[in-house]
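Sequences listed follow chains A and B, in order. Counting from 1, position 233 in the first sequence corresponds to residue 233 in our numbering; the numbering is continuous, with no gaps. Counting from 1, position 346 in the second sequence corresponds to residue 346 in our numbering; the numbering is continuous, with no gaps.
Please keep in mind that the hints were generated in silico from the structure rather than gathered at the bench. Some hints here could point you the wrong way.
[Said to hold, decoys possible] If you want the ones that stay clear, here's a sample from chain B, every Cβ over 10 Å from chain A, calculated:
1. L13
2. A22
3. E144
4. I202
[As the list claims (entries may be wrong)] Taking lysine-lysine and the DSSO-like style, the derived pairs with C-alpha atoms no more than 30 Å apart in a straight line are:
5. A:K193 / A:K217
6. B:K9 / A:K168
7. A:K154 / B:K82
8. A:K217 / A:K7
9. A:K217 / A:K236
10. A:K192 / A:K217
Note that this is a predicted model, so its numbers are computed, not measured. Built from N, CA and C at the ideal position, the CB exists for glycine as well.
Okay, here's what each chain looks like letter by letter:
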Amino acid sequence: MSILSVKNVNKQFGGLKALHEVNLEIEAGTVHAIIGPNGAGKSTLLNCFVGRLNPDTGSVNFDGVSLLGMLPHQINQVGVSRVFQTPEIFGDLTLAENVMIPAFARRDGAFRINAWRQVEDEQSIRENAMHLLEDVGLADSADNVANQLSRGDKRRLELAMCLVQQPKLLLLDEPTAGMARADTNNTIDLLKKIAERGITMVIIEHDMHVVFSLAQKISVLAQGTVIAEGLPNEIKGHPKVQEAYLGGAHL
Amino acid sequence: MIKFNVKNKDHILLIGFIIVVALAPVIFAPIGAGYPDLLQKFAIFGIFAIGFNILFGLTGYLSFGHAAFLGVGSYTAVWTFKLLTMNVIPALILSTLFAGLFALVIGFIVLRRSGIYFSILTLAFAQMSYNLAYSVLTPITNGETGLQLALHDARVLDGVFGVTRGEGLPSTTLFGMAMSGWSGYYFCGVVLIIMFYISLRIFRSPFGMMLRAVKSNQNRMSYTGLNTRPYTLAAFVISGMYAGLAGGLMAITDPLAGAERMQWTASGEVVLMTILGGTGTLLGPVIGAGVIKYFENIFSSFNEGILMDAFSFLPEMLQHAVVSITGLFVGEGWHLTLGALFMVIVIFLPGGLMEGIARIGNVTRRWLKPKPVATTEADAAASE
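Just chain A, same shape as in the assembly (with noise of 0.2 Å):
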């Protein structure tokens, strides 16, 4: 069963076509990688899918919801959560509070005015938090402040932001985008245990390293067209993959 299903969608910034007649099925339950050269249109894609871009035409359809119009508060209220590029945190704030904001966000949705309650009273949420925490491997510094993290931890800390939520969908750019060989494979063991839990992923990445290791199916994007499409073996040795994206040379 496909949960997220884009049809026909077009983009254009100026007389730059960033995507032309884009179709993609997400299979629920799958990790999904979406890559292709730079400029390809992935990200433009991606921020079709939360709410910071519409699409020119076509269609967005999010587990029988369409996406078009509403706001990236509203997308991720029926499900969908992203981590950046640039991991997207709340620096000043202690890694608990971190992921304590997004537990309320589920519990509470988008505005309540929560101001007699104490934090401490709400010990669901920190055990909830807590929880997540130590899934990822950060609980130990809980209560230290968020900014003082290494950028692979912080990525970390983005995920159980994401997870404390339980989403149906989790959209990653470049997970491992700027990242030393270490906290890469750190990175790809955390997702793999994601992935495990059934949480479909769509993953957009540039490192083929991450990608083969995670994805159950890639799309390849280029020029602003999903050039080709199925399993790893196959697009691995598919010409015309090898020539848009690879520039002709063998994996």
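Please build the complex by placing chain B on the supplied structure of chain A, with the hints as guidance.
The following block gives chain B in isolation, referenced to the frame of chain A:
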């Protein structure tokens, strides 16, 4: 053993705060501030700054127009005195509500922008309110003269409850108790304690956490499913209500409301108070308000005679030189002292006076900490 968690610390803070407010006449007497008029100012501006800090300290939105809400509060309070009753309770409730309503309308418009544009918009709105109060709205504000009580005021509720009309202008009361002198101060003090407690609750609540998240990363908030605009608007309205309440309390002390209360210098003053005391801290704004009001009232009253007395132990030549230099910083020149103090604090203690207090606390804790050897000896003694 007592578990020393956040809640306990907060309880200690609150109890300490109540004690200081209650004993203020004694505590501040040695520095010449132990009289009701000044202490009342400390309390009123403390409330104003606490409210401002809920907006600026938590969400980071720097408003340069909060005096407008102060003015609205004062006008509302005086109108309540004129039309309804000299009892202060209805006046305070109405001035808080009206300021909140005014903040809702203004906030709805100005919160479309953030950063410097937000600050400029609030400044523009406050100046607009100030000029309107002076000109077009004269029937409501009585323009330059300011809104005052009059002998023939309606005071409907007072009439209903059979409060006798005296010969002269009536004074504000709390169910018959006159709100002047020490009773006036203690009334403001109680309101200050209540407002401090509310701010404490907000700081420690999930709502307060959301406001800090606004300051930290609004982008992340939206992608976390949170609508940031209503959160900032709620903070804006709450701080506007605090300002309105402070304005109402000012009218209780002196039932007269003038437009100058809305001027941008008054808005700037509360910014200074908050930064001086410590932005985003619970106690900082109150301390900042106290320090600024102290300088304004005490330093400005120093004159050459007092200085001559203070430096009379010096040889006469030196005495004249020292007095002529220090004379620049007192009396009319108290702003100079305040400016210098403000610069020193912002440069060396960006966290305000609260940061200074925290640093002193850390140093003393290190001093008082028993050495490890001593503890083991004590342990050994205890086990024997």
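How the hints compare with the structure:
no.: 1; hint: L13; result: 14 Å, holds
no.: 2; hint: A22; result: 25 Å, holds
no.: 3; hint: E144; result: 40 Å, holds
no.: 4; hint: I202; result: 5 Å, violated
no.: 5; hint: A:K193 / A:K217; result: 17 Å, holds
no.: 6; hint: B:K9 / A:K168; result: 41 Å, violated
no.: 7; hint: A:K154 / B:K82; result: 60 Å, violated
no.: 8; hint: A:K217 / A:K7; result: 18 Å, holds
no.: 9; hint: A:K217 / A:K236; result: 12 Å, holds
no.: 10; hint: A:K192 / A:K217; result: 14 Å, holds
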